[in-house]
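A.B. asks: Residues per chain, in single letters:
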Amino acid sequence: MTCHEIKNVTVPYLELDLEPSRIRDITLHLDGCAECRVDMEAVRQVLVRVKGLAVPDPGDRFWDDFPDRVRLELARERPPIPFSLRLWKGRAVWPMALAATMLFVVGAWSLAGLFDRGSPPSQSSTVAQTPTVAEYDLPQLDEAEWQQFWDEDPDLALADMAAGLDRQAVDRLFKDI
Amino acid sequence: MGESDNQLLDRYSAGDEAAFEELVRRHQKIIYNLAHRMLDNHADAADLAQRTFVQAFLHYQSFKRESSFRTWLYQICINLCRNAIRDRAYRTHEDIHEMELADPQDTFADVAGTELKDRMGRVIHTLPARQKEALVLRVYHDHAFEEIGTIMRCSEGAAKANYHHAVDHLRRALASNEE
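Chains as they are written, first to last, in my numbering: chain A, 2 to 178; chain B, 536 to 714.
No wet-lab data here; the hints were simulated from the structure. Keep in mind that the hints are not guaranteed to be accurate.
As the list claims (entries may be wrong) - Okay, derived cross-link-like pairs now, DSS-like style, lysine-lysine, Cα gap no bigger than 27 Å in a straight line:
1. A:52 x B:695
2. A:52 x B:564
3. B:695 x A:8
Modelling step: build the complete structure from the supplied sequences, incorporating the hints.
C.D. replies: What follows is the structure, given as structure tokens:
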């Protein structure tokens, strides 16, 4: 090997990062070449000195606080989550879901009440409180008032009676027809 | 035996804050050390180490797990260091090429009479960024050249060449100073 070749492999030689046969060749050359030995020693000294440089430890407090500082910075850098999505994240989910369900049930119940106002009563209540046909048919007037109403305008009286009838009463009145 | 980094990362992605803390604590010293060796002062190193973790956790979903989590952190840290060194060069109106090609004798003239360690530290500081990265990763973090190549996003051969140039640069600088 030539001195020039040795200069190119000083670092891998010192780190044993070469084929064993190459290391042997270099060692042989170094044994007979004082100049290359000096160069090799200079490189070794550099590596030893570089390795000896230490980084000052910033102390326990710095290390203890470090994760929290990262967490804070991370929260600052994260893009803000839209409010609608935020509601579904974290602890608010179950109370929100419960409240929404209750609102839905109450709303549905109220709406059902509105639409059911004219619907027939259930079978059991029908048995207990079934009014007579006469009760259904007669408007809430006493005898004298009713007679007067009929005398004045029979058509209007009939129309008024018809308006007061519900579907059940109509069915009952016309069931035989 | 403790959990692996990837297991902790899985727990973190499921919302486990304790896993986040464990991951940071596990790697904080080594990342700070790397940043300090590259930037040569505590304030910048602390800031850069913090930013390394922030970037890692912001983009952990892009971590392919082809390398170790630590190697991935090294990559992020090295990239941030390059940007910081470039910004610093702009701030001080220094031409980075002039800095890289500075005559070692001039560097040593400035620091004549100081302790050997200080001199060595300063000479390392004048190394071109990629040589410095290779030197730091090899000497202080004991990485194989293959891994240095992964971290620096270059070939193993290029990592070796950068390292050898760095050592040679230091040897010449030291020799010039001792003459």
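A.B. asks: Could you run down the list of hints and mark each one as holding or not?
C.D. replies: Each hint, compared with the structure:
no., hint, verdict
1, A:52 x B:695, "holds, 18 Å"
2, A:52 x B:564, "holds, 17 Å"
3, B:695 x A:8, "holds, 15 Å"
Violated hints are absent here; each numbered hint is respected by the structure.
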